[in-house]
Amino acid sequence: MTWSTREVAELAGTTLKAVRHYHEVGLLEESERAPNGYKRYGVDHPVRLLRIKRLVDLGVPLSGIADMGDADEHPEEALRVLDAELAASIERLQRVRAELAMILRHRAPADLPPGFSQVAGDLSDADRSLILVYSRLFAPERMRELHEMLLDFRRGPGDAEFDALPADADEEARQQLATVLTPYIRALMARHPWLGDPGAHALRGTAFAERVIGKAIVDLYNPAQLDVLYRVHLALAAESGSDDARSGDGSGGGDGHGDG
1 MTWSTREVAE
11 LAGTTLKAVR
21 HYHEVGLLEE
31 SERAPNGYKR
41 YGVDHPVRLL
51 RIKRLVDLGV
61 PLSGIADMGD
71 ADEHPEEALR
81 VLDAELAASI
91 ERLQRVRAEL
101 AMILRHRAPA
111 DLPPGFSQVA
121 GDLSDADRSL
131 ILVYSRLFAP
141 ERMRELHEML
151 LDFRRGPGDA
161 EFDALPADAD
171 EEARQQLATV
181 LTPYIRALMA
191 RHPWLGDPGA
201 HALRGTAFAE
211 RVIGKAIVDL
221 YNPAQLDVLY
231 RVHLALAAES
241 GSDDARSGDG
251 SGGGDGHGDG
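Quick note: the sequence shown uses our numbering, first residue 1, plus one each step.
Hints in this document: simulated from the structure, not taken from any laboratory. Predicted, not measured: the structure shown is a model, and the values here were computed from it. Among these hints, one or two may not hold up.
DEER-style ranges, computed between Cβ atoms [to be verified]:
hint	residue 1	residue 2	range
1	L132	V43	56 to 62 Å
2	D57	A207	48 to 54 Å
3	P61	A164	54 to 60 Å
4	E10	G59	19 to 25 Å
5	L100	T179	38 to 44 Å
6	L16	R136	45 to 51 Å
7	R54	H23	17 to 23 Å
Glycine included, each C-beta is placed from N, C-alpha and C at the ideal position.
Please model the entire structure based on the sequences and the hints provided.
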């Protein structure tokens, strides 16, 4: 007894187009044609097609099925590889779901790096942008430390005033804010020493990180805010006896806003 292409496709729960494709890629042997020109399949064809369909349903790619050959009825190694790939995919999807849950719970922007949803409400637009830049410069462990730092020092003294500082703030306002921020940033650096030289911990080296961080800070903060950061930098450098007390440019990473 012979089978038509339509009957073979219906039995396997697939389409005529899929059957033709399996012929084209060599997964399913071509059948003989009847005198009227129609293809006629023997029972081995639908059985082979059912095996292909089963493997496809399990997630085995067509290239993997081709590598197995016709006689491989129990492709253990290929299935073990597929199982490992699926396990990795499930783990990734579970992480994504956990991140989505945090984002929804805290109504946080979806563009922040993983783990930062909890502190999103405490960050200005400039701070969030800078954290995104940092996520391309530092390894996950450093980003986790940055997240811990933000949890430890959420909305420290002077943060709101810094965010609201107008570009034309006068000398007195700038100095007062720098005076408030200095001990706060000193405490940050004492607990997280890497903030004093973040470039040394960058994935692509100090020079690249310092250049990117410097440009980002200059673009994200207004002149008055930059001046406040520079004053804080000078104050901390003076306390430590560093030469930067005279030569610092205020664009380093050792400040509370420069690090998120």
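Right, here's what the structure says about each hint:
In this structure, L132 and V43 meet the distance hint of 56 to 62 Å, their C-beta atoms being roughly 60 Å apart. Between D57 and A207 the beta carbons are some 52 Å apart, a value that agrees with the proposed interval 48 to 54 Å. Between P61 and A164 the CB atoms are about 56 Å apart, so this pair conforms to the stated range of 54 to 60 Å. Separated by about 23 Å at the C-beta atoms, E10 and G59 satisfy the suggested range of 19 to 25 Å.
At about 42 Å, the beta-carbon gap between L100 and T179 stays in the expected band of 38 to 44 Å. The beta-carbon spacing between L16 and R136, approximately 48 Å, falls within the hinted interval of 45 to 51 Å. In this structure, R54 and H23 meet the distance hint of 17 to 23 Å, their C-beta atoms being roughly 18 Å apart.
Checked against the numbered hints above, the structure violates none of them.
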